[in-house]
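J.: Starting from two chains that each stand alone, build the complex the way the hints lay out.
Which chain is which? The protein sequence lines are D and L, in order. As numbered in this note's numbering, residues 1 to 112 make up the first sequence, in order. As numbered in this note's numbering, residues 1001 to 1175 make up the second sequence, in order.
Keep in mind the hints are simulated off the structure, nothing from the lab. Computed from a predicted structure; not experimentally measured. Hints should not be assumed to be uniformly reliable.
[Stated by the list, open to error] Cβ pair distances, simulated, as ranges:
no.	chain 1	residue 1	chain 2	residue 2	range
1	L	Ile-1099	D	Thr-104	16 to 26 Å
2	L	Arg-1158	D	Ile-107	18 to 28 Å
3	L	Ile-1099	D	Ser-108	24 to 34 Å
4	D	Arg-100	L	Tyr-1116	49 to 59 Å
5	D	Ser-108	L	Val-1147	32 to 42 Å
C-beta: ideal position from N, C-alpha, C; glycine also.
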Amino acid sequence: MNFLFFEGISQNPNSYLILAIIIFCAGIFTVLTRKNIIGILLGIELMLNAGALNFIAFSFFRHESADYSGHVFAIFVIVLAAAEAVVALAILLAVYQQRRSVSTDDISDLKG
Amino acid sequence: MKDGIFLCIAAVTVFGALVTAFSRSIINAALGLLLALVAIAGLYIFLSADFVAVSQILIYVGGVMVLLLFGIMLTSGGDNIFSNNPIMGAVPATLITTIFGLLGIYVVNTSGLTFYQGAYRATTRDIGHFLLREYILPFELVSVLIVVLIVGAGVMLRKELVIVRQAPQKKEGKK
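In isolation and in its complexed conformation, chain L is listed as follows (with noise of 0.2 Å):
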């Protein structure tokens, strides 16, 4: 039972990722990477990870996939949208892309690690307790980042940066 519930949720985590590689239209893309991505957060939950589950849902689903529906919507005016995602160089890329699969089969095989029988446990206390302890400081640089970030953020899509950079050129006419 528990098996194949696991490998529903591995299929569907196979096929998005399959369908944002190899999908002509970026919106399908999108939408494959969704699936990848709630799919994941099924895979969390099976390794006991649900505070990580719930935020990956909160945050990629909810958020940057939003996003990024947003960007392609905003991007794509006009482009035929069965054709707008196109692939090129596709031998090369599975060239590369192979060299990479076996070597993390390679890894995996030959690793000789200790594994050990998993436990389930309650996470969301334990992982606010080390947040607030051993990663004190990684915690706090993200505060940091996200004010850089919003400030960035507004500073690149201000106007003034287009007329900024329209001036000089405007000069050259004159001249």
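Chain D with its partners taken away, still in its complex shape (with noise of 0.2 Å):
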């Protein structure tokens, strides 16, 4: 276990990499056993903002030169992110608008 070999434990990449595992992991939790649909769009964004974190965190750590691909990377994950949740929305509410509920239980025609 190599945590702590900066001055610091916020100098250190692997705090970062460990919050989002932790992170990512209730992401991962919150989509696996929610029933809602929104509560799994919830776990969706936290899974994808772990990712983000990554990215920033090996931009910062991993470079001497200033190289910003990593910040790049990020903001096309917050875009993507709010367009996904965009079109998520959309199809809940049309699909609320006919069946009155948003549980997984009662959207279940194509389980065949």
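T.: This is the structure we're talking about:
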């Protein structure tokens, strides 16, 4: 365990990576356990944020000179997450107009 | 001092994520996600990503969270607000989550990457250069995506879709 090899925990890349793992695991647990579709969306947002946090952490700690590709990727992640939320909520409202429910139990026509 | 602030922000992030993961009320879960997103913006500032931090607050907290809260309010009418986000299948989910967590910790511990002491710089100008030089194609594709998004969301929520779906049922009734 090479945890604290820079001065201070806030300058240690592993603390950010472990934090991202915790956020990602919370997101996975949320996605796997929810019946409410909006709850699943919240979990997906958490997982996307963990990924963006990893991009930023590696961009900060992996380059001696300035390289901002990680920042650009994080911005793309944020924008695509916003787009995904818009589409998902549009689908959700269209489904709710017909079914009056957002539970995955009630929307099982494609289950076979 | 810096480490203390970092630990506080990290604790707030973990708390928000756990509230999202374990809350029985969908509105509490959304507010926990809000807390986690704001705290992650603080972590971005620790990582010298000022532009991304501000983008996170503007787009996520100002846009996505408002959208999600509207979605919750429009779709959870009549439900009990403290139990409208039930947890199902917690045991297998815990198992899978544990596997992913252990895998992540293993990767972090055995990656063998060389890390440098990060330096704090202003990033906005360089991000602009990157977006308009190396990443010009994805940048333009995102604008195409957003146009598709606007049209698609509009089409999906039209009233006509409901009418088109109900029309064949009436014919069947006449027969």
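J.: If a hint holds in the structure, say so; if it doesn't, say that too.
T.: Results for each hint:
1. Ile-1099/L <-> Thr-104/D: 16 to 26 Å: holds (23 Å)
2. Arg-1158/L <-> Ile-107/D: 18 to 28 Å: Between Arg-1158/L and Ile-107/D, where Cβ atoms are some 20 Å apart, the hint holds.
3. Ile-1099/L <-> Ser-108/D: 24 to 34 Å: holds (27 Å)
4. Arg-100/D <-> Tyr-1116/L: 49 to 59 Å: Check passed, 56 Å falls within 49 to 59 Å.
5. Ser-108/D <-> Val-1147/L: 32 to 42 Å: Holds, at about 33 Å.
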